[in-house]
Amino acid sequence: MIISANWLSAYVHHGLGIDALENLLTMCGLEVDGLEQIGSDLDGVVIGQIEHTAPHPNADRLTCCTVSLGTGNPLQIVCGAPNVAKGQRVPVATVGTTLLLPDRNDPARKTPVTLKKVKLRGEFSEGMICAEDELGLSDNHDGIMVLPGDAPVGESFARWLAEQRVSVHDHAIDVAITPNRPDAISHIGVARDVAALVASPLRLPEVAVPEPGGAAADRISIDIEAPELCHRYVGMVVTGVRIGESPAWLKQRLTAVGLRPRNNVVDITNFVMHECGQPLHAFDLAMVEGRRIRVRATRTEQAFVTLDDKERRLPEGTLMICDGAREVAIAGVMGGQNSEVTDETTDVLIESAWFEPSSIRRTAKALSLQTDASYRFERGVDPTGQAWAAARAAQLMCELAGGTLVDGMVDAHPTPYEPRSVHVRGERARAIIGVDIPVERVEGLLAAIGCTPVRLEKDGFPGQDTPVWDVTLPPYRPDMEREIDVIEEIARLHGYDNIPEPERSSIPNFTPDPDLERGLKARVRSQLASRGFREIYTNSMLPVEKAQAFLDPALPAGQLGERVVETLNPITTEMAALRPSLLPGALDAIRFNRNHGRRGVRFFELGRVHVRKQSDRSVIDGFTEIETLLLAASGVWKKQGWTGSERDVDIFDIKGHVEAIFASLRLVGVRFLPADGPFPQLARMEWDNTYMGIIGCTYASDVTGQAVCFAELDWDAVSAAALSLGTVRFERISRYPRVDRDLALVVNKQVPVGTLLADIVEAGGDLLMDASVFDVFEGGQLSEKERSVAFSLTFGAHRTLRDNDVDTAVTRILEAVATKHGAQLRA
Amino acid sequence: MWSIPERLAATPPHKIMSEDLATLRQEIEDTPLGTEEAIDGFRIRFLSRKQGVITALMKRIPDIAPENRKTYGQDVNALKQRVEARLEEAQQALSSSNAPGTDQTDITLPGRVVPEGSLHPLTQTMDLIVHAFSSYGFQIAEGTEIEDDWHNFTALNFPEDHPARDMQDTFFIEEGKTLLRTHTSPVQIRVMKSQPPPVRVIVPGRVYRNEAISYKSYCLFHQVEGLYVDQGVSMADLKHILHAFARTLFGHDVRMRFRPSFFPFTEPSAEVDIWWPDPDLPGGGRWLEILGCGMVDPNVLEAVDVDPEVYTGYAFGMGVERIAMLRYGIDDIRTLYENDVRFLKQFKS
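Chains as they are written, first to last, in our numbering: chain V, 1 to 827; chain Y, 1001 to 1349.
Excised from the complex, chain V in its bound form:
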């Protein structure tokens, strides 16, 4: 919301410079988001009279004017405005004046320009006759500004403007209003806080508020048929208005807060709304059929044309203002085209009402139509302010539009406002805020914003050393209801910066549980980073089709029967689903880098993936969310260097890193089970019969045209398995030498080496300390169906091994692999 600094000063003498005012507002909770200077000081602009005009000899659109400034020497000024004419009194910017001139293409952008004596198409021009926008008075650039005939020639234009109640320059203060402060969505509301903080009185305009009834009641009747949605509806009538332009000061007020002036009556309703926060509507009384206003909710869906000439579909239950025959306005949101004030209007009905906030909010949301009125109503306007606002507007219409006030008013008030009060304990305030604020100061601060604190007898509140107040709450503060709301106001007005920090604070006597899972995660992250992987963060949202493509039973989140999670209101279809795997995000990152010329990448990401399925991990019913760890690499793995040649990544590079992770988590014996799926070289990983993730390769041709080797670990399962192992138990180191044996086995190619190795380990028994594969060989004298796999075995014990101990174990191994796989020792 924009606050004009000049306008604000009409209600409070604060004596602050603009920077101090900005700081004061920000520090009391009315955060200043932006500050813009409006207009320049107009030094050097004087009132002149055009004594003579002549067409420019070299340009059709220009006129050469002789302008008198009341001194001896008239100036020659070349002017391009269509409306320039002899005899006009006009604002003249003389040579040396600096004006803030708007950019023709973007009037909001203004550049300071200092005028010089120039030659325009061969004719001298010694200054400029100004349009309103060039003076910062409005956005009008239709022609030069023509002043009344009595404007004194030679006088400073700024001084003359001041006499017309127009200030030459101002500041537009953009205040961010939090939803709890409906009272501050107006100049008087902001002035109230300023007045409280600088301890200066709030000065309100004198307004004569009429008694209900009178002649007005004969002119119009008001029936509220939905009293739960409309607590009050005040109507006042002004007759004989002449619709026309508003005076300059009023236009300037509205322009300063970003409104475009329309006509005097509409401008007055806007002015009063920005003055006191009460939205008003002006009906053309002649268009109100039956001179009757009814407030009621629609019973069916229907169409309605608002005064911006748009037809809108109103849902059932929309609160409407109706006359004797039809709807004339959407209550609290926007008036109707059928009853708006036009140039022909003479009699005006002023509406000033209180509508139920949530009803207005629902309507504004349903229509996607937020107006200055709905913005205020849905936050809650002062339930006692309707008559004052209507009377203020009526008074201005009489003053500025030549109208006559019809005596009295109609005040339909089915739900009168009940004053509210709350008990506030001084001790509670101290406990929350953490500082003792003197009793008198508390009372003074509360009174300044319209509260009435009354000290209660101490006897009623045993144990309280400080006063307990009964605080009557101001009607314009619907956010104040409870004791804590009042305590907040005390803290806010006292100033958060005046709350001292304690020298020391105690902490509770308990020991936080160490977050072991997070510790593991941090360790794995830094291990991967030191092994050459770069951590990435990818978007959780992606197109539905893409998400579905990665919803594979093989992936960690994937199980049969799940569906992709979609949002009901995506920003774009590109982000309508939640990722069921981290893989698509990594593929995007790989593609991005490949497109930017990078030939090899290795990435990892830890993040949450989602599917729509009930499982034992569901926190929210129907959804499963798990954390996974993705490793993905593509392109060059080892670079060409002087010590060796380049090669691309393959699945065993990724597998090696995955095995290193498992090893660092002490998860021994993870099995890699070949699996079917959408990817080649796919395997499921299991530890102790628990699923740990998958590993595979994908050739996403649209991504890279190159293999991407990846592994996606179910991090929840992996970390749970690792943590189940508890703390390391030290194992005594054998003092006896170990015995190495190598075995080369010839075996059918169909037998997986992993299985062979697992069986060797099993058959090897307690003496077998270590077993590894050191060679795989095909061809030579072997048949096409066979290959030779060489294992290196290490035996050991806490005693000296004898040859036949080892021989027995080796024999057992050979028998086992021969029986299970037909493997023979290589000759």
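It should be emphasised that the hints constitute simulated quantities derived from the structure, not laboratory data. Bear in mind the structure is a predicted one, so any value in this text is a computation, not a measurement. Glycine included, C-beta positions come from ideal geometry on N, C-alpha and C. Careful: at least some of the hints might be erroneous.
To give an idea of the chain Y side of the interface with chain V (calculated C-beta under 7 angstroms), a few residues [what the hints assert, rightly or not]:
1) Ile-1146
2) Phe-1172
3) His-1243
Chain V is fixed; fit chain Y onto it per the hints.
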């Protein structure tokens, strides 16, 4: 010379002449051992398990007549020790010739490449924040990104049909029921539901906002939330802990200010700014908002069955992206999710 092993093998044990051993001894002493190859050949000739001369002599010991066996054994063993001693000398000589200044290695050649990885700047920033609060005795808690309306809004004192709900544009998954959490605050509710006070937790996590994507906002970001509920907790304590945190992150001279604000789940509520010096700006800098905070609203405590007359508490929350961008001088939030290696490699692990 090479005929000796064969001859030895063929010679009956008792015929092995001490002259043969002397010839061998001579060979052991005379063989030049200036290169790796020569050393290897020497070792194989004498000590190889299959064809080594000494090995063969050792194997003959059982065949030697008992009366000569001891002398023979001693002689062979002496030869073996000489072989080993010469090997050791030669190795040492060779390696000392690799000492600085004496070899031909061009040490200016680059070393073998160890690939370089990195931790994402958001991880680094989040760790920094979490470690700071861990050191002040906060426990870490996490929640889910898909949440229900009750935990995300209702229990946090967001009334239905209230403009406060507009403060956080929400992605809905099921109308009015399930959504993507808009903040980490629902974890406050989950933690307080699961344990009685005192509660002192810090909650890092990913949150979502349905906002147009631009240089300053993204559809998701990360928050770190803090909550302390206990007896006698006040706003002064809140200022203390956050000032301590600001000093950890931004240095001991950090200037900060608290200004009133509004969050439905705290009252009084505040936003915290730090002074960011910038000599190019008029005034030498500007105030930058880094977090929101306040005293836990009594309605929130009541929603989790904690008596607000007995317990009070504070809560605070900050955007990790915002702090990372400040720390590293990043001016477009989207850069953080683009994963351009040229960006990532600037942040070492």
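Evaluated hints:
1. The interface hint given for Ile-1146 of chain Y is met, as the beta carbon of that residue sits about 5 angstroms from the closest beta carbon of chain V, less than 7 angstroms.
2. At its closest, the beta carbon of Phe-1172 of chain Y sits 4 angstroms from a beta carbon of chain V; the interface hint therefore holds under the 7 angstroms criterion.
3. For His-1243 of chain Y, the interface hint holds, the least distance from its beta-carbon to any beta-carbon of chain V being 6 angstroms, beneath 7 angstroms.
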